[in-house]
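Novice: Take these sequences, add in the hints, and give me the full structure.
In my numbering, the protein residues as written are 1 to 127.
To be clear, the hints were calculated from the coordinates, so they are not data collected in a lab. Glycine included, each C-beta is placed from N, C-alpha and C at the ideal position. Wrong hints could be hidden among the right ones.
Computed spacing ranges between beta-carbons, pair by pair [stated by the list, open to error]:
#1 Ser53 to Ser22: 16 to 22 Å
#2 Leu2 to Trp120: 15 to 21 Å
#3 Arg121 to Trp87: 31 to 37 Å
#4 Arg54 to Asp90: 37 to 43 Å
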Amino acid sequence: MLVAYLAPALMAGAGGVASGQSGLTMAAFTSIAGTSAVVALLIGSWLQHRGRSRTWTTALPRIMVAAILAAGAAVIAGLVGWFASRWLPDHTSVVDTAWLARLHIDLPISAAVAAVIVSWRWRRQNP
Numbered sequence: 001m002l003v004a005y006l007a008p009a010l011m012a013g014a015g016g017v018a019s020g021q022s023g024l025t026m027a028a029f030t031s032i033a034g035t036s037a038v039v040a041l042l043i044g045s046w047l048q049h050r051g052r053s054r055t056w057t058t059a060l061p062r063i064m065v066a067a068i069l070a071a072g073a074a075v076i077a078g079l080v081g082w083f084a085s086r087w088l089p090d091h092t093s094v095v096d097t098a099w100l101a102r103l104h105i106d107l108p109i110s111a112a113v114a115a116v117i118v119s120w121r122w123r124r125q126n127p
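Specialist: What follows is the structure, given as structure tokens:
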């Protein structure tokens, strides 16, 4: 899970620094890396404990398993990002900032990438 946090944090953070986008640099260490780590933990745990008992995870081609899990993770993360960007400013002391506006993009992309990497590696080890 540490790698699932550090890799996107460093890559997106470097992109933010190189392009002078402070919002991207901030998001790299919060929403982008955090989402990646949480999704990697959840999907990795599910695959380890229940993945082999689900025939579709071992019967379908590896690319299909990765695509299905990525699409599911992206949809859920997109809904969470949409909800958080709308709900947080209205019901908490979190101000509507550019960071909140990025959630509906950052969360689904981070979730999809993490899901593909974790499922691809898991499937390679569990043919």
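Novice: Does each hint fit the structure? Answer for all of them.
Specialist: Verification of the supplied hints:
Separation of Ser53 from Ser22 is about 46 Å and departs from the stated range, judged on CB atoms against 16 to 22 Å. Remark: the range hint 15 to 21 Å for Leu2 to Trp120 is upheld by a beta-carbon distance near 19 Å. A hinted range of 31 to 37 Å holds for the C-beta pair Arg121 and Trp87, which are about 34 Å apart. Hint check: Arg54 to Asp90, Cβ distance near 39 Å, so the stated range 37 to 43 Å holds.
The structure is inconsistent with hint 1 alone, although it conforms to all the rest.
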